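Taken in sequence, the protein lines are chains V and B. Counting in the numbering used here, the first sequence tops out at residue 113, every number present. Counting in the numbering used here, the second sequence tops out at residue 229, every number present.
Worth double-checking, as some hints may not be accurate.
[To be verified] Listed below are the simulated DSBU-like cross-link pairs for lysine-lysine, each with C-alpha atoms no more than 35 Å apart in a straight line: (1) B/Lys184 to B/Lys157; (2) B/Lys157 to B/Lys175; (3) B/Lys157 to V/Lys105; (4) B/Lys140 to V/Lys1; (5) B/Lys175 to V/Lys1; (6) B/Lys164 to B/Lys140.
[Stated by the list, open to error] Sample of chain V residues lacking proximity to chain B, with all beta carbon distances greater than 12 Å (derived): (7) Val20; (8) Asp27; (9) Gln34; (10) Gly60; (11) Gly71; (12) Ala86; (13) Phe103.
[Stated by the list, open to error] Not everything, but these chain V residues come out facing chain B in the computed CB check (under 7 Å): (14) Pro94; (15) Tyr98; (16) Thr100; (17) Gly104.
To be clear, the hints were calculated from the coordinates, so they are not data collected in a lab. These numbers come from a predicted model, not from an experiment. Note that CB positions come from ideal geometry on N, CA and C, so glycine has one too.
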Amino acid sequence: KQEVTQIPAALSVPEGENLVLNCSFTDSAIYNLQWFRQDPGKGLTSLLLIQSSQREQTSGRLNASLDKSSGRSTLYIAASQPGDSATYLCAVRPQSGYSTLTFGKGTMLLVSP
Amino acid sequence: NAGVMQNPRHLVRRRGQEARLRCSPMKGHSHVYWYRQLPEEGLKFMVYLQKENIIDESGMPKERFSAEFPKEGPSILRIQQVVRGDSAAYFCASSRGGGASYNEQFFGPGTRLTVL
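Build out the structure end to end from the sequences listed, making use of the hints.
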């Protein structure tokens, strides 16, 4: 059974810092891995999706890497801003079977001005 | 092109009542997934449906919960005789296809169910 763990559970940083969020998964047989952002009381916004054959994806100040063999992914946020404050979720889709996602519990990020 | 729509956004029920949550997928999407987010927990898969078919319900409690996705209209997640432990945010996602192909899931805003 796939398990996804995110570390740290919460992170507080001053504005302008670069930061790294970590995600690990127990079963490396994944089709892809996706990072989401969730604002309080809101739905999920997809940030980056990495296919299993890829090593990283970039979008603006965000960079996500994937090491499938070791079961790890990182989300790097450059020059953090208060508007980045949210919960960041990592999810994996299995390589075979149905395309349902397994989520981690998330990292709650607070960027203070 | 409207995204995934869910209603109601907030739902309050007393113990023992029924809760009906609706999800309208994105245009052109025929696959729907329901996830539940309990307080302080991650999202957990509940059920995966295609039009008129339940494909995978392995994450859905066997009792009191049911789901459907009729030929016409939204997908419905139904919870009978709600209990306080059902209080959670319920998210719906849709995709164009499923299975082994690349089919990204797009999420709705969720329905927050509170059971008094």
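Verification of the hints:
Between B/Lys184 and B/Lys157, the direct Cα distance comes to roughly 26 Å. Compliance with the 35 Å bound is thereby established for this hinted pair. About 15 Å separates the Cα atoms of B/Lys157 and B/Lys175, which keeps this hinted pair within 35 Å; it holds. As the CA atoms of B/Lys157 and V/Lys105 are separated by approximately 10 Å, the hinted pair is consistent with the 35 Å bound. A C-alpha spacing of about 33 Å is found between B/Lys140 and V/Lys1, which places the hinted pair at or below 35 Å, so the restraint holds.
Straight-line distance between C-alpha atoms of B/Lys175 and V/Lys1 comes to about 19 Å, which keeps the hinted pair within the 35 Å bound. For the suggested pair B/Lys164 and B/Lys140, the alpha carbons sit about 13 Å apart, so the restraint of at most 35 Å is met. Annotated as non-interface, V/Val20 keeps its C-beta farther than 12 Å from every C-beta of chain B; the closest such distance is 20 Å. V/Asp27, annotated as away from the interface, keeps every beta carbon of chain B farther than 12 Å; the closest lies near 15 Å.
Residue-level check failed: V/Gln34 sits 8 Å from the nearest beta carbon of chain B, not beyond 12 Å. At roughly 19 Å, the least C-beta separation between V/Gly60 and chain B is larger than 12 Å, which holds for a residue marked as non-interface. Under the 12 Å C-beta cut-off, the non-interface status given to V/Gly71 relative to chain B holds; the minimum distance is some 17 Å. At the 12 Å boundary, the C-beta of V/Ala86 stays outside the reach of chain B, the nearest C-beta of that chain being 14 Å off.
For V/Phe103, the requirement that its beta carbon stay farther than 12 Å from each beta carbon of chain B is not met, with the minimum near 4 Å. Given the 7 Å rule on beta carbons, the hint for V/Pro94 is violated: about 10 Å separates it from the nearest Cβ of chain B. Because the beta carbon of V/Tyr98 sits about 5 Å from the nearest beta carbon in chain B, less than 7 Å, this interface hint is met. A distance limit of 7 Å between C-beta atoms decides the matter here; for V/Thr100 the minimum to chain B is near 4 Å, and the interface restraint holds.
Taken as an interface hint, V/Gly104 checks out: its beta carbon lies about 6 Å from the nearest beta carbon of chain B, inside 7 Å.
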